[in-house]
Amino acid sequence: MAKRKFRVFASPDVIDVLKTLSNRDPIKLRVDQVIDEMKQDKNLGDYVKKKPWPDKYVKTHEVTNLYRREIGGNHRLIYTIRGRKEDKVYQLLDLLKHKEYDRLFGYTTT
Numbered sequence: 006m007a008k009r010k011f012r013v014f015a016s017p018d019v020i021d022v023l024k025t026l027s028n029r030d031p032i033k034l035r036v037d038q039v040i041d042e043m044k045q046d047k048n049l050g051d052y053v054k055k056k057p058w059p060d061k062y063v064k065t066h067e068v069t070n071l072y073r074r075e076i077g078g079n080h081r082l083i084y085t086i087r088g089r090k091e092d093k094v095y096q097l098l099d100l101l102k103h104k105e106y107d108r109l110f111g112y113t114t115t
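Following the working numbering, the numbering of the sequence shown begins with 6 at its first residue and continues without gaps.
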């Protein structure tokens, strides 16, 4: 039986950040690798506890779950998973620097 491929979509925010990076940029290469893993339904991100989910994800994207994945040492990829077990869609919501992530989620930054 062939492996099932799952869909991955990026929000305009993620697309805008990726457009600023060269094809050889380590962050872009890492995001591409994570997308390939998601297409194989390898969810290696950390679940973000319901609070403090930012309003921008709850209201704009109507998320019911939220995950973060470290991309290199200084970036975080924020995403949600929609659909059912056999028909999942990974939706990339944000690609943020660590300090931006901390501010958005209300964590103390250094």
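Think of the hints as simulated: they come from the structure by calculation, not from any bench.
Don't take every hint at face value.
[Unchecked claim] Derived PhoX-like pairs: lysine-lysine, alpha-carbon spacing no greater than 20 Å straight-line:
(1) K104 x K54
(2) K56 x K10
(3) K33 x K104
(4) K102 x K24
(5) K90 x K10
(6) K33 x K47
(7) K90 x K47
(8) K54 x K44
(9) K10 x K61
(10) K93 x K10
(11) K102 x K61
(12) K102 x K44
(13) K90 x K56
(14) K47 x K93
[Unchecked claim] Quick list of the computed label-pair ranges, beta carbon to beta carbon:
(15) K56 x R87: 35 to 45 Å
(16) K55 x R29: 13 to 23 Å
(17) T69 x N28: 17 to 27 Å
(18) R29 x K64: 12 to 22 Å
(19) R108 x D21: 33 to 43 Å
(20) I40 x E91: 27 to 37 Å
(21) P31 x R108: 15 to 25 Å
Note that the structure is a prediction, hence the values are computed from the model and not measured.
Beta carbons are placed, not taken as given, at the ideal position from N, Cα and C, and that holds for glycine.
Going through the hints against the structure:
1. Between the alpha carbons of K104 and K54 the distance comes to roughly 19 Å, so the proposed pair stays at or under 20 Å and holds.
2. About 31 Å separates the Cα atoms of K56 and K10, which puts this hinted pair outside 20 Å; it is violated.
3. Between the alpha carbons of K33 and K104 the distance comes to roughly 19 Å, so the proposed pair stays at or under 20 Å and holds.
4. With a CA separation close to 16 Å, the supplied pair K102 and K24 stays within the 20 Å bound.
5. A distance of roughly 12 Å separates the Cα atoms of K90 and K10; the hinted pair therefore holds under the 20 Å criterion.
6. For the hint linking K33 to K47, the alpha-carbon distance of about 19 Å falls within 20 Å, and the restraint holds.
7. Restraint check: the Cα-Cα separation between K90 and K47 comes to about 12 Å, which is no more than 20 Å; the hinted pair holds.
8. Restraint check for K54 and K44: the C-alpha separation of about 24 Å exceeds 20 Å, so the hint is violated.
9. Restraint check: the Cα-Cα separation between K10 and K61 comes to about 29 Å, which exceeds 20 Å; the hinted pair is violated.
10. Using a Cα cut-off of 20 Å, the hinted pair K93 and K10 holds, with the two alpha carbons roughly 9 Å apart.
11. Proximity of K102 to K61 is assessed by CA-CA distance (about 17 Å); at most 20 Å being required, the pair is judged to hold.
12. With a CA separation close to 24 Å, the supplied pair K102 and K44 exceeds the 20 Å bound.
13. For the proposed pair K90 and K56, the alpha carbon gap of about 25 Å is over 20 Å, so the pair is violated.
14. The suggested pairing of K47 with K93 holds, with an alpha-carbon distance near 11 Å, which does not exceed 20 Å.
15. The hinted range of 35 to 45 Å is not satisfied by K56 and R87, whose Cβ atoms lie roughly 21 Å apart.
16. Here the CB-CB span from K55 to R29 is close to 38 Å, at odds with the stated 13 to 23 Å.
17. Taking the beta carbon of each, T69 and N28 are about 34 Å apart, not inside 17 to 27 Å as hinted.
18. Distance hint check for R29 and K64: the Cβ-Cβ separation is about 36 Å, which falls outside the suggested range of 12 to 22 Å.
19. For R108 and D21, the Cβ-Cβ distance of about 19 Å falls outside the hinted range of 33 to 43 Å, so the restraint is violated.
20. With their beta carbons about 20 Å apart, I40 and E91 fall outside the hinted range of 27 to 37 Å.
21. The hinted window of 15 to 25 Å between P31 and R108 holds, with their beta carbons roughly 23 Å apart.
The structure does not agree with the numbered hints 2, 8, 9, 12, 13, 15, 16, 17, 18, 19 and 20 stated previously, though it agrees with the rest.
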